[in-house]
Amino acid sequence: MASISLEGLSKSYGATPVVRGLSLEVREGEFVSLLGPSGCGKTTTLRMLAGLEHPDAGVIRIGGEMVAGPGLRVPPEKRGLGMVFQSYAVWPHRTVEENVAYPLSLRRLPRSEVAARVQEALRWVRLEGLATREPHALSGGQLQRVALARALVAGPRVLLLDEPLSNLDAALREELRAELAALRARLGTTMVFVTHDQGEALALSDRIAVLNRGVIEQVAPPEALYHEPATPFVAGFVGGANVLAGHVGGGAFHTPGGTRFALPPETRGGDGPATLVVRPEDVELGGDGTPLPLSARLFLGHAAEYRFPVDGTLLRAVGPRVEARAGQTLHVRFRKARLFSQL
Amino acid sequence: MSASTARTPLRWVALAAWLAPLLAFAVGPVVLLLARGLGAAGAMEGLATEVGALVNTLVVSTGAAALALALGAPLALLLFRTDLPWRRVYAALFTLPSAIPAFIWGMGWLSLASPRAGYLNRLLGEGTLDIHGPVGIAFVEGLSGLPLVLLAGGAALRRVDPALEEAARVCGASPARALLTTTLPLALPSLLSGAVMVFLMTASSFGVPYLLGVSASPPTRVLTTRIYELVLRADEGLGRASALALVLLLLTPVALLGTWALGRAGRVRLSAGKGLGSRPFALGRAQAWASGAVGLCCAVFVLLPLAALLLTSLQRGFGARLAWEELTLAHWSGVLWEPRTLRATGLSLLLATGAGALVCALGLAAALLQRAFRRLGAGVEALAVWPYAVPGTVLALALLLAFSRDWRFILVERVAFVLALAHTPWLLLVAYAGKYLALGTRNGAEALAQLDPSLAEAARVSGAGPARAFRDATLPLLRPALLAAFVLTFLACATEITMSVLLVPAGSEVLGKLLFDLQSYADPAAAAVLACAFVALVVAGQVVLALLGRRAAEAR
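Taken in sequence, the protein lines are chains R and B. Position 73, counted from 1, in the first sequence is what numbering that gives the first Met the number 0 calls 72; the numbers after and before it change by one each time, with no gaps. Position 379, counted from 1, in the second sequence is what numbering that gives the first Met the number 0 calls 378; the numbers after and before it change by one each time, with no gaps.
Where hints are given, some of them may not hold.
[What the hints assert, rightly or not] If we take Cβ atoms under 10 Å as the criterion, some of the chain B residues that face chain R in the derived model are:
(1) Pro452
(2) Ala457
(3) Ala472
(4) Pro475
[To be verified] For each label pair, taking beta carbons as the anchor points, the in silico distance ranges come out as:
(5) Ser86/R to Leu546/B: 44 to 50 Å
(6) Gly345/B to Pro109/R: 56 to 62 Å
(7) Leu297/R to Arg168/B: 36 to 42 Å
(8) Gly345/B to Arg125/R: 54 to 60 Å
(9) Leu14/B to Leu297/R: 55 to 61 Å
(10) Pro74/R to Leu14/B: 51 to 57 Å
(11) Leu544/B to Arg125/R: 37 to 43 Å
(12) Gly70/R to Ala539/B: 34 to 40 Å
(13) Gly548/B to Ala14/R: 41 to 47 Å
(14) Leu546/B to Arg125/R: 33 to 39 Å
(15) Pro8/B to Gly154/R: 34 to 40 Å
(16) Ser403/B to Ser86/R: 35 to 41 Å
(17) Gly28/R to Gly548/B: 36 to 42 Å
No lab work stands behind these hints, which were simulated from the structure alone. On a predicted model such as this, the values are computed, not experimentally measured, just so you know. Don't be surprised by glycine CBs; every beta carbon is placed ideally from N, CA and C.
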C-alpha cells in the first residue's frame, strides 16, 4: 500500500501531445478512477505510472519515493506494482496456477509459500477449482480473474487496472465490478482504475479524475462530481447533461440561433456569454416553457426521452410518458440549470 | 514496451551486429558480382549464344507459368470452393510438387518419358514422348510450381467476402455464374501473382534445365545452365558468367514489381478479415466428372512420377525388361550403405541443422529489429528477404567469386585473422543460411505481430527485467513459428541442389550434389534410390510441419 503523486506529467507521441501537465495525488489505500473518452490520455497516464512509458516531463512518486523524473527512470519490474490489462494478457503457455505464481517465482520464495499464496489469491477471485486449467479453456470473465489474481498475489504497493471490465458482456461486468469492490474492501490496496464508463467509475471510486485532451478537468468524489461538475465537459461526460453555448441576459438564456429559455430563479451567474448545462431529467415538458418542435421520442422503459433540435444540436429531456408525436410542438422548461461563464 | 528500448543506443548496436554478416556474406558478394558483370558485359563477344540462353529462359519460364495457371486456377476453384469429395486429401497431395525438389520431378519424368527407355514410351511405342528440350522443361517446372498458384488462389478464394457472391445470386445469377462472375475475377490477381512466382522460380532453377536441356540434342541452354558451364571453364568464363548473372538478377525485380502491383490490385478488393466460410458450391451432377478429372490429374502429375522413380530404383538396370524377376533391392542397399552416401548425409544434416539454427536466430533478430525500428524496419525486412529472391546460381557464383581468395583482417597490431572460406563447407553454410533467411524472418515477424504486447508488459510489471520478460513471455509463444522455420530451412537445405553443385569443395560431398552427380554421370537407378529417400524425408518433414501448425492453432 502506498500513496502516489503525479506532478506536471507530460507525454507526446511525435507531434501529438497526449498528456499535458497532469498532476494528481492518490492517498494510501484510496481507489481513484481516471475517467474520460478514448484518446484523453488516461491509459498513457496509467502506463507511465507502471513504468511502461516514460514521461517527457514531470515527476512520479510512489510511496514518497521518486520512480520517474528528470534523469531517473525506475523500470516497471522495480516498482512493486500489480497491473490488470484490458486484453487480460494471461500467458497462454502457462496454466492458471503458473500464471498466478509468476510474480512470486521472480522473488525466489520457498515453493511451499508460493503454493500457499497462489491458493489464497485464487480464492480471492473464486478460481480455486481451476488452478491446473490451460488459459484457452477459460471464459473471458475467468481470464480476467486470473489476471487479477496474478496482479494481487505478490502484495503490490499499488494495483493498476486498465479498463479491466470493457471486454466483458454486461452481466459479467456487473458481477466483476461487485467483486472488485469486495476485494478492495478486503485488501485495502491503493488502486488506480482507468475507464471510459462513468457508471463503473461512479460505483467503485473514492475519487474520480475526469480527463479531457490530456488534462484533468476535475478531481472529486463521485457524488460531488455528479452534482457539482466543475466544467461543462464534466457535466456532459459524467451526467450526460445537455450543454448549450449562448449568452445570459434578463433572467433568460439566449442561444445564437435566437431560442430563449427562462432560467430558474436560483440559477447562479451574471449576464454575458455563458455555457448552459442542464441534465435531461431537469428538463420539464408542458406549462409555460419555450415552445420547441419534437424531433423524436424514445421509449426507455421507466421513462421516455424527448429530443428537440436547438441550434444544430439536440436538447434531450427525460421524463414521464407524454402523448406526443414527432413534429408536434411541446413546451420546455428547466427545473434546474447551471451556468458556466465563458472565458 | 518498445518505448523502453527505443531510445537506447543498444538497438543500434543490435542492428549493426545483425547487418554485418548480412552485408558481408550476401549483399556484398552479389554487389561485387554485379560490378564484375557490368564490366564484362561491355567487352563481350559472341553474344549470340548467350542471347539464345536468355530467350530460352524467357520462353521456358513463360510456358511453365502458363501451365501452372491453366491447371492451378480451375483446381483452386474445385478444391477450395466446391463440395468435391476428398478435396482435403487432394489439396495436401497437390502441395507435394513444391515441397519435393524440382530436380526429382525431372528425374521422375525422365524415367517416364525419356525417348527410348521411358516407361510411357514402352507402353505407347518408342519415341512417342520426349521430355527433353524446352517443352519438357516448361512442363516439369510448371507442374512443380503448381502449388504456388493453387495456394495463392486458395487463400484469395477464402478471403473473398461470400456476401459478394450472395449479392450476385440475389440479383438473379445462377450459382455457377455467380462464382465465375464475382469470385473468380476477385481471386484472379492472386492467381496471376502465383503464376509470376512460377515464372521466377523457373527462370532461376538449375537442376531441371540441366537434366532435360543440356544433354538433349540439340541442347537447350538457359541462363542458369549456361552460367554453370561457364563457371566450370573457370577463369575466362567467369566474367561472362557474371554478365549473365546480372541479366538473370534483373528478371527478379521486374517480375516482383509485377507481383506487387497485382497483389495491390487484389488486396484493395478483398475483405481483410478472416475467411468467412462461404458455403461450398454444390457440383451436383458434374461431381463425377470433376472428381474424375481431379483424380486423374493427381494420379498422373503427382503420383505417377514418384511411382516411376520407385520402379527405377528397384529395377536391375534402367531400360531392363519390366518383370518381377528383374526387380531387386540391390541398389537400395548399395546406395544407402555406401560410405560416400553416409558421408554426404552426415555433412548435409550438419549443414542443414546449422543453417536452420542460423536462420531462426537471424530471422528472430530481424523480426525484433523490424519492431524496434518502425520505419527502418521495412528496410530490415527487405534486406532479410531479398536473398531468397536471388537465384541460387547467382548467389552461389557471387560467393564463389567473393571468397575465392582469402580475406585478411588486421584487428589490432599483429592480431589478424584470415577468413578462408574458399573450398570449405563453411561457404555452403553461408549460402544456405543467406538464401533461406527469409523463412525465419517471415515466420518470426508474423508470429511477433500476432502477439499482444501486454503479454510481455504483464511480465515486466510482475517483476521481470526486459530480458527475463522476453524469455518467459515472448519467446515461448514464438517457438512454434521458429520451429516451423527451422524445419522448412532444414528440408530446403538438406535437399538443395543448385548452390550445392557449385559450392561443394573437392573431396567432400552433400546429398544434393551426390544426387546430381549420380543422375548426370553415373547411375540413374542409384540416383532414384536417393531421390526416394529425399521424398521420404520431405514427406516426414511435412507431417512434422502439419503437427506444428495444429499445435500452434490450438495454443492461440
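Right, here's what the structure says about each hint:
1. Pro452: With a closest approach of 9 Å, the Pro452/B hint holds.
2. Ala457: holds (4 Å)
3. Ala472: Because about 6 Å separates Ala472/B from the closest Cβ in chain R, which is inside the 10 Å limit, the hint holds.
4. Pro475: holds (5 Å)
5. Ser86/R to Leu546/B: 44 to 50 Å: About 28 Å separates the Cβ atoms of Ser86/R and Leu546/B, which means 44 to 50 Å is violated.
6. Gly345/B to Pro109/R: 56 to 62 Å: violated (48 Å)
7. Leu297/R to Arg168/B: 36 to 42 Å: Since the Cβ atoms of Leu297/R and Arg168/B sit about 37 Å apart, the hinted range of 36 to 42 Å holds.
8. Gly345/B to Arg125/R: 54 to 60 Å: Taking Cβ atoms as reference, Gly345/B and Arg125/R lie about 58 Å apart, which means the hint holds.
9. Leu14/B to Leu297/R: 55 to 61 Å: holds (58 Å)
10. Pro74/R to Leu14/B: 51 to 57 Å: Taking Cβ atoms as reference, Pro74/R and Leu14/B lie about 22 Å apart, which means the hint is violated.
11. Leu544/B to Arg125/R: 37 to 43 Å: Given about 42 Å between the Cβ atoms, the range holds.
12. Gly70/R to Ala539/B: 34 to 40 Å: Given a distance of about 58 Å, which is not inside 34 to 40 Å, the answer is violated.
13. Gly548/B to Ala14/R: 41 to 47 Å: holds (43 Å)
14. Leu546/B to Arg125/R: 33 to 39 Å: holds (37 Å)
15. Pro8/B to Gly154/R: 34 to 40 Å: holds (37 Å)
16. Ser403/B to Ser86/R: 35 to 41 Å: violated (54 Å)
17. Gly28/R to Gly548/B: 36 to 42 Å: violated (50 Å)
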